[in-house]
Amino acid sequence: MLFRKQERQSKKMLENYHKEQLSEGLFQKCEACNRIVYTEDVIEDYHICPSCGHYFRVAPMERLAMVLDQGSFEEWDKDLETKNPLDFPDYEKKVAKMKQNTGLSEAVVTGKGKIGGVETAIGVMSSKFLMGSMGMIVGEKITNMVERATKEKLPVILFCCSGGARMQEGIMSLMQMAKTSQALKKHDQAGLMYISVLTDPTTGGVTASFAMLGDVILAEPKALIGFAGPRVIEQTIHQKLPEGFQSAEFLLEHGMIDKIVSRKKMRKVLHYLLLSSGANKAH
Amino acid sequence: MDEFEMETMDINEFDVELPKATAWDRVLIARSNDRAYTMDYINGIFDNFMKLHGDRLYGDDGAMVGGIASIDGQFVTVIGQQKGRNLKENEVCHFGMPNPEGYRKALRLMKQAEKFNRPIICFIDTPGAFCGMEAEERGQGEAIARNLYEMAGITVPILSIVIGEGGSGGALALGVANEVWMLENATYSILSPEGFASILWKDSKRASEAADTMKITAEELKELQVVEKVIEEPLPVTAENCEDTCEMLRKEMIAFLKKYKGMKKEDIVEERYRRFRNY
Ligand SMILES: [Zn+2]
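Quick note, the sequences are listed as chains A and B, same order. Going by my numbering, the first sequence wraps up at 283, each residue one higher than the last. Going by my numbering, the second sequence wraps up at 1279, each residue one higher than the last.
Simulated from the structure, these hints should not be mistaken for lab results. Accuracy of the hints is not assured; some may be wrong.
Claimed, not checked - Cβ pair distances, simulated, as ranges:
#1 A:78 <-> B:1278: 20 to 28 Å
#2 A:240 <-> B:1048: 46 to 54 Å
#3 A:255 <-> B:1091: 22 to 30 Å
#4 B:1240 <-> A:245: 43 to 51 Å
#5 B:1223 <-> A:92: 17 to 25 Å
#6 A:52 <-> B:1117: 56 to 64 Å
#7 B:1050 <-> A:83: 40 to 48 Å
All residues carry an ideal CB built from backbone N, CA and C; glycine is no exception.
Could you build all of it, start to finish, from the sequences and the hints given here?
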């Protein structure tokens, strides 16, 4: 019963998301090639520009729909309330506005689902929610997901997308890097697979923790991936960075990731990796 | 935000009186050139320190020092970020901002300590991990992440002490410990107050206000339970005058080591896990 309700909910969320996108206009301008393209074409083609192949950023529900078996997603920890450890002025207001704008409760959605019948824990970050920054709730949701996966003997897939630490939460956001990483260590010691998928952009504290800890690290084409942001590096070295610096292709060349995977093939690649880890349909 | 252009000040300005240092005062003291650095503490606290070098992968980072020492008749592994007092020293130690090879050296020494059942003591003193092109090419993010991940599984006790600047992930990479202590005038933060002000308020000149907001002082962090212990520092807070601080640290360290002697490996790991699970 619960399962069916959740299936309906996730379907509805996706429909609403598409409707909303279309309501913003039947056409949209591609941020990469500046051409005007049909929004419907973009939605139908994995949110890729039909004209130049540019990857638009996608919402968590959309991402889940692209990789999971239809209706298999069960969301976890949906309603954790964001905290304000520094009593930072207007932070609660800002978060409330984000919730309204994105329809999300925080910058990551976590839960479990199936890919080709293989059950897996899965998390997807959202760049739209305060730049996908990691605060206490993002850290808590990811840690809970990993701990539960360890307990239920599930693999973990995490689509990373983040501007880094949630500045408004100060030192407590820094501690999330340790909290999430240590949970992954236990998951690893249990012999379970963790796949991190780096999407545009993955930077800062997320890169310096769970993003780079996958047994297998995948990335989307041309995604920006780095520890320091390009602007910070330019200010440090007092020169412009070369074209393509910190792109997924650059990281592949430097041995930092396993593979660049197109959106269309992502589900297939994930399925193969899950099978290779010994995860099976028995769960 | 330019990490190189941070203010520092003459410590002697504080000699006369210090009613109650503000958060920004502490930032300036923590960054001061006169302050004791990692090697000062190592020499002041331990016997027979032997420095070990290199990450076995790329190079030997002068911004990270480490090796074997003994204290109260017990062997320990000691690791820390090292700052330089002048330009010449900083050519070697890069203002205490490690490259990936620095973090990888630290991890190698921690694994070595684990193998020989030596407790690990880390000194944290860094504005942050180095933000240059080569650091990115060699995987700065991966190096820090790997330390957090592997430290979580280390079966010997780890003690980390923030002795000056505890800057961001570059500091945390030595900070996944069973206990974290801070010197009274040290700071520990997600980024510099200048960076915080420039990102959230688009005005790096509001750094002192940012320092007040960010909860970066030892006192505030003890309240937040980010650190277990604050070690007092007698004035003036200089390398020449760190003898008492070293004595105090030595005493506390011996008590720390005693507490963990005979504790089961799983319990040491589990205690560390629970410590960070609470954040
Ligand atoms: Zn285009």
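Range hint 56 to 64 Å (beta carbons of residue 52 of chain A and residue 1117 of chain B) holds or violated:
holds (59 Å)
Given the range 40 to 48 Å, decide if the beta-carbon distance of residue 1050 of chain B to residue 83 of chain A lies inside it.
holds (45 Å)
Assuming the hint says 17 to 25 Å, is it satisfied by the Cβ distance from residue 1223 of chain B to residue 92 of chain A or not?
Because 21 Å falls inside the window, the suggested range holds.
Is the hinted range of 43 to 51 Å satisfied by the C-beta distance from residue 1240 of chain B to residue 245 of chain A?
holds (44 Å)
Given a hinted range of 22 to 30 Å, is it respected by the beta-carbon distance of residue 255 of chain A and residue 1091 of chain B?
holds (28 Å)
Range first: 20 to 28 Å. Now tell me if the beta carbons of residue 78 of chain A and residue 1278 of chain B are that far apart.
holds (22 Å)
Just to be sure I understand the hint, the distance between the Cβ atoms of residue 240 of chain A and residue 1048 of chain B should be within 46 to 54 Å; is that true here?
holds (49 Å)
Checked against the numbered hints above, the structure violates none of them.
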